[in-house]
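When you get a sec, could you build the whole thing from the sequences and use the hints?
Residue strings, one per chain:
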Amino acid sequence: MIIDRDDALAALIPYVNEQDIVVAVYQSCFDWLQLNPRDLNYVAVGAMGQASSHGLGLALANPDRRVIVLDGDGSLLMNLGSLVTIANSGVTNLYHFVAANRVYEVNGAHPLPGADRVDFVGFARSAGYAGSQGFRELKLFADALPYILNTPGPQFVSMEIQPGKSYPRDYDYIHSAKARQSFRDALNRC
Amino acid sequence: MGGSLQSAASARDIAFPSGAGIIACIKQSHIREIVALPDIVTSDGLLWPISKDPDFRLTRICKEDEGVSICGAMSYNGTRALLMMQQTGLMDSLNAIRAIGMDYELPIVMMVGLQGKEPDVQPDQSASYGVRIIQPVLDAMEISHSLIEEPEDIDHIPQAVDAAYNASCPHVFLIGRSPETT
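Residue numbers (my numbering), protein chains in the order written: chain L, 448 to 637; chain S, 77 to 258.
Keep in mind that the hints were calculated from the coordinates and are not lab data.
Just so you know, even glycine gets a beta-carbon here, dropped at the ideal spot from N, CA and C.
Hints may be right or wrong, so weigh each one.
What the hints assert, rightly or not - Computed beta-carbon distance windows for the label pairs:
#1 S:GLU228 x L:ALA562: 54 to 62 Å
#2 L:GLY569 x S:PRO114: 23 to 31 Å
#3 L:ASN464 x S:ALA239: 31 to 39 Å
Unchecked claim - If you want the ones that stay clear, here's a sample from chain L, every Cβ over 12 Å from chain S, calculated:
#4 ASN554
#5 LEU585
#6 LEU587
#7 GLN609
Written out as structure tokens, the structure is:
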């Protein structure tokens, strides 16, 4: 079995608190912005692969908030060392979700190198995350979310997904000064 | 032998910046977050002392562009940070700096050791290609930078850090001579 991405994101919504920061990239970002628009969505990671590192910076600077990263599998492959950096940093408020569709979806759906055998859960476990698990079934994923998000991090979750309903790719917004200012204002307001 | 004596004489004439002085300037700049990948130019004089200084939190990274993102993300609530690396790491991080520092206008403050630079020449006159291209590359990217070589060069650090955070833009301190350990 495999999970539709929009179903996985929808399952996450009830467990995201008002104070939580959500860092999202690529199609997960576009879907998340439509499914759960909120001021503390952090969408400006700038360069592919950097979501986890932005998440770490936010987690270090905002220890009283949870930081939820919605990463891509191709993105994570560009920044695997960040798993080690995060595990070594001492943060306990970072929750790292990877949408593993095994392709570079927004760049033509070409397969990842090693697409059929790369073990993202194993990467995170070996790097030293406090917890690391993978899901291929929506119900099991949804049932596990309350525990995962209430367990000290860094926690890693690989979601084996397929596109499901995909939402428009609004690149202009995610790279806009408005998006960054909205986040900054919200972060410093509440 | 004559050459050796001349070299020795030149070496005696060259002054090096104080590592302790640079660290004091970093603190004066209200920076407590250090994000670093070791660099041989700044290892003994800066990074080792910083790693033992309880006033700082040191985050060790595996690749330099991680640090660009970490420092940029920290800046959203006003947290000041310093990214330390070698010029090779700077070159490897140019796309992240382009996007996060320049396109997104975030204050990424970097301290970059110029590994391979001769202490008695300016960076753009170095025999090392990897050193002499650094300032032109930064100029081409319109990134603010300044050189720390002489002892008095450290004095501008707090002002440059303030300027970067006030203007919300990157600044690169290029370390041209290894800071003294005392």
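Okay, the hints, checked on the actual structure:
1. S:GLU228 x L:ALA562: 54 to 62 Å: Distance hint for S:GLU228, L:ALA562 holds at roughly 56 Å.
2. L:GLY569 x S:PRO114: 23 to 31 Å: 28 Å, holds
3. L:ASN464 x S:ALA239: 31 to 39 Å: Holds - the Cβ-Cβ distance for L:ASN464 and S:ALA239, about 37 Å, lies within 31 to 39 Å.
4. ASN554: 16 Å, holds
5. LEU585: 31 Å, holds
6. LEU587: 32 Å, holds
7. GLN609: For L:GLN609, whose nearest Cβ neighbour in chain S is about 28 Å away, the distance exceeds 12 Å, so it holds.
Against the hints set out earlier in the document, no violation occurs for any number.
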